[in-house]
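Protein chains in written order, with my numbering: chain A, 1 to 333; chain B, 334 to 509; chain C, 510 to 906; chain D, 907 to 1355.
In case anyone wonders, no lab produced these hints; they're calculated from the structure.
Keep in mind that the hints are not guaranteed to be accurate.
[To be verified] Straight-line C-alpha distance at most 27 Å; calculated BS3-like pairs for lysine-lysine:
(1) K313(A) with K940(D)
(2) K309(A) with K1066(D)
(3) K409(B) with K139(A)
(4) K309(A) with K772(C)
(5) K737(C) with K1064(D)
(6) K1333(D) with K1321(D)
(7) K737(C) with K928(D)
(8) K772(C) with K737(C)
(9) K737(C) with K1015(D)
(10) K409(B) with K866(C)
(11) K951(D) with K928(D)
(12) K1007(D) with K480(B)
(13) K1064(D) with K448(B)
(14) K625(C) with K448(B)
(15) K448(B) with K928(D)
(16) K448(B) with K409(B)
(17) K139(A) with K415(B)
(18) K409(B) with K590(C)
(19) K313(A) with K737(C)
(20) K590(C) with K1333(D)
(21) K480(B) with K1066(D)
(22) K928(D) with K313(A)
(23) K1333(D) with K409(B)
(24) K737(C) with K625(C)
(25) K448(B) with K947(D)
(26) K309(A) with K928(D)
(27) K866(C) with K448(B)
[As the list claims (entries may be wrong)] Every beta carbon over 10 Å from chain C, so not counted as near; a handful from chain B, in silico:
(28) A346
(29) Q362
(30) A377
(31) T407
(32) P464
Note that beta-carbon positions come from the ideal geometry of N, C-alpha and C, so glycine has one too.
As a plain string of letters, each chain reads:
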Amino acid sequence: MFDITLATWQILVIKIIVILTVVPVGALVGGYAEHKVMAHLQHRLGPMYPGGFHGWATTLADGIKFLYKEDIIPAAADRKVFSLAPAAIMVPIIMTYLVIPIDRALIVEDLDVGIFYLLAVGSLSTIGLLMAGWSSANKYALIGALRSAAQLIAYELPIVLAAVVVAMLAGSLSLIDIVETQNWPFAIWPPGIGFIAFLLFTVGAVAEMTRVPFDMPVAESEIITGPFTEYSGMRYIFAHMFAEMGHMVAFGGIGATLFLGGYQPIVPIPFLDFIPGVIWFSAKTMFMIFLFLWIRPTFPRVREDQLQKFAWKFLIPVGLALVLVTGAWVLYV
Amino acid sequence: MAVIEKVKLPGPASWLLNWSRKYSLWMMQFGLACCGIEMGAAIASKFDIIRFGVIPFPASPRQADLLVVAGTVTDKMAAPIKRVYDQMPEPKYVISMGSCANCGGPYWDSYAVTKGVDQIIPVDVYVPGCPPRPEALLQGVIRLQQKISGENPSEKWLGHTTPIPVIPEPGLAGGV
Amino acid sequence: MAKVGSPSEERAGARGRVPSRHPEEGAAGAEGRFKTEEMILNVGPQHPATHGVFRLLATIDGEVLIDADPVIGYMHRGYEKLVEQRDYRQITNLVSRMDWLSGINNELPLALAVEKLMEIEVPPRAQYLRVILCEMNRILNHLMFFASFGAELGAITPTFYAFREREDIQRVMEATTGGRMHFGFFRPGGIKEDVPEGFVEGALAGVRQVIDRLPDYENLLVGNEIFKQRTIDIGILEEEAAYSYGVSGPIARGSGITMDVRKDEPYLVYDQFDFDVQSAPNGDCFDRFWVLIREVGESARIVEQAIEGLPPGPIMGKVPRVIQAPEGEVYVRCENPLGELGMYLVSDGDRRPYRLKIRTPSYSNVSALSYVLKNTYVSDMIAILGSFFFVLGDIDR
Amino acid sequence: MAVDEHRAPRTTESDDARRLVKARRPGFGIGLLKGMAVTLKHLFKHNTVIQYPDEKQDLSSRTRGVIALKEENCTVCMLCARECPDWCIYIDSHKETLAPKREGGRPRKRNILDRFAIDYALCMYCGICVEVCPYDALFWSREFEYAEYDIRELTHEKEKLSDWMASVLPPPALEEGAEYPGSPTRAPEVADGAAAPVKPVQAEASDAAAGTPERRGAQAAPLGTGGRPADAGAPKEAKPDVGPVPGRQAEAAPAPEGAEPAAAEAPPVQEEEQQAAPSQEQAPGPEPTAEDHAGPGGRTETASPEVLGIQMGAEPASPSPRESTETPSPEVLGIQMGGGPAPSPGAGEDAVGAPEEAETRTPQEGPDPEEVARLQETPGPNVEVPNEEPKPTALDPTEDPKEVYEAVLSDQLAKGSSPEVAEARAKVARVKAERGIARNPGVATKEDS
């Protein structure tokens, strides 16, 4: 493609820089989208004045402001753990971006075990949440941390099962391969299986992001943003806002990649090929994000024990059955 | 953050910091009484305070920039208010909404009511009304934004702000 | 925790409570379980779920709330003392601020009490207008309940929709009385001034809009499976417990008590209207919510009937220039949106009351909280607090 | 009014019970989808947000936004300040003695308003001051935008309050079936028929007043132009416009001819209008007791000279003031609508300007001090009031504070109070002793004996 040869470390630096810009920008755009979409779903307008045109700069203002706000570490807190927790939350989320293929050639690292990597890294941020909640020396934070630990473990499984279904259908663990195998997006074909897997994934993703209706760990009206209760300033924005938004964009991308055909056209018509893959990918990611944003203002939140029951008694059996059915489909159809 | 208080900021940097604070006022809702309901109305779909970048989400004072004390401050409640204010990180602002929070209002002769929230915490903008209409709160927010845009960030950080004459913004100024 | 006439613990457990794990109560159950430690969680006074400054001292064991002790008084303003220094017109404006969601309903018992003492006959037009305004205020209050209940359960959108409808009705109220929340419109003998042109259309339109949008609300919350899970069989207040705690209003009706001062002891012209007392038998959060939402429809029916029959005529009875209630005492009760609001007025013939004892609905309702909250989940605490719709100003006065 | 179109659904009791049982049944996700449909529907709906600084609501004229002062109408009667539950109105005035108008007349006294301030930080926006003002000097304006950085700036002086007069709207027409205050007949046609009972009064008044044209001219200017003294020269220009104003203007027409420019430049203060008195004696005032609540009916007569002044001098080219929205002069409206619902019709409740008093007194004189005192036992901020400070019940200290402290302390400790409580009680007792308050009657008598 390009006739420039770079040393490995140079490529690595470039990749790091790209990722470190993409994630915050994605988070800012995601935050803005959340403001606006939620506002319109609620018959409001959302930010209008920051930045002039429809308040485009509102999350940017948030970012700058939080960067230089006073950073409070409570006296009773475990200082080291408290300070490290945001990093422990944020880094795994940034890491998920590494393997998402934005276009055929636009991928930071095409791992052979892409899906496996995603699932492994995705569950790491639980540790960060636990660290944050425990070290805050705040009862609400503690309750939140314990809730989130229990919840994230429970909802990791439906995502894993949905991903297993996809991997079985594609016959590969590489995300590029998964995208390339999807003549029709997996959410549509094979009929039934793909769609149920997609639903499993969506529910799991919402729970993983601790968003309504599965936002018991950070329930604002109940335990006051849970593990993040004591966080302020920069740490807060990394631990909560950037993490949540980054998470959402990442899950949007993963959902688009696994189930909606990634950078491929939505229907396999050659005529549509002139549209670049980046646009397809962004459109599909946006659709996923919209889905997440649409769910958020509509539902009340599920209680902690109901949430666990729902995961263990419903989603996981369905996922297991789905794996069986998929196996049958792959073998016999 | 020691840099900001020691260095004299160049104009554009001051502007940027002021701008970011102005349009990212996370609002701690301290709905105490009737004014709390009008504050809710200001947040809700007819008036939508989020249009100004005032975000009413944080439930914890640690993430808030703006404390809206809306309603009657009783002597029993004064200590929690002070505490919530102390828990907020600098730079922080306070809007006192309604007659009760301003100076006791209808309960000026009550034995249980604090005559004005400014006795316990510094107040930046006083919104009159009993309760003020939602638009009046919005106007208070606009005035606060005007005030912020005229501030010197390092002074604000140190906590001794000298009042700066406010240049009314043509687009936003709700004419008085 | 004192249990006044409460049913047995087994029955409570059978009706959706968490089985007791408290070592004192269930010593048998303590063996063979994890050894857990209790934690005291201080909910409030500034907490997003307590709509106001309400404090709950909760003893929790993991996710289970073993004990809950409501602490009130953060909004105490000394109403009963203040009114002794003010004349009746000033009190009208003050009690409007007592329960800030139902201003005009608070003014009514005062006006009725003074009228009863002074033996003033209120002209029919004023009575009809009072009914209309009271019922519109009731709708406003119930919409606020809808808003806050949704928000506490995590569904933030109902808040925004409900406030939009509130705005429409508030507009009519403002054009009529001048205030959006505090009206100061009732006077002993009638109302302050007649309604402006366009009141009838505005009131009808506002009320009908709410009726039209009710299906939306039901789709958003009532029909929602998650909402049902969060509310059905949660926080049960049995009928006998409701009686013994003196609970009134929609919360009592949600426990199957068909009690409504408007029906039982009609004041104003409520006996001329056709409306039902909504009640539901189960006494859980869902039923309380159900009753409140149904009551919006009933209030709308009353408003429509009252507008239909609105007679022409004066709006003030024959009152002297200075309102001076003659010596005597009188108790008047009215159906506030949240329950029975009673005012016991003692007059010594002055322009000011000698004593005004106010029996507010929220105060009695909230006393049942610690009973209902016992042995529930922490998350259910939020649902229960939300369904026990109380207004702090009404509790503390 | 077609009420039936849309009636709220009526349900029977069994119906309700069935619906409740149905609603409580567990669902299978349909409810979730319905909810999502509701929010999605709103995504595509037209937004109804009022984008506040850019667009503003059209508020009704009764909206309690801010209290505006029509300075010329204020006679410093202090009713508002005394009736205010918050005591947030501050009035200062001084008395001026003017030379008698005629040779041998008694010298006139009048109150000059020095300061009229409302502390909007304290005001509870109840509107009692507007309601009680007998001379229509206070009005509700719709303005609400006056948030300040400093609480002291929320106390607005009379200049600012007068500025707000510009945004005062005329009172709304009333709903069908309403009785216009002060009208002898009922029902809607009142609005049109109201002119009849008023007419003779005005004729009388104009005749009586015609003798003193200069004063009338002077009064016309400040009142009629909505309280702008700068326009005091208006009568001259206004003269040609008087003609087209229909109806009762005809009788009033000759009067302004005599208005001299010199008189028109007179200071915008209320003058005694002694000539008006005879006209009021002939006015067929309504029964005071029966129509007490309808005070403005009384005001129709008392205010008539002013009204004429307005119509002659200052309502240029507004043939029907009821339709003109920008003229904030409610007197005119009041007359046209039959004594009309001026913004403070409730003035009748305390009705200082009620017919009875009006017969014996001239309108601008201000209420009788005795009358006011009788009506208003509540002391106002600007009046000599009994001190609010808690006063000791016994003036001489009867007990030695230290002794009391020790006695109470040991007493309390002996009773079994905790040391803290005992100390607190002892301190209270000491303070009381210092102020000379007997601890309790029993103790005092015991020590005395």
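Fill in: Hint check against the structure, violated hint numbers in rising order
2, 4, 5, 8, 9, 11, 12, 14, 15, 24, 25, 29, 30, 31 and 32
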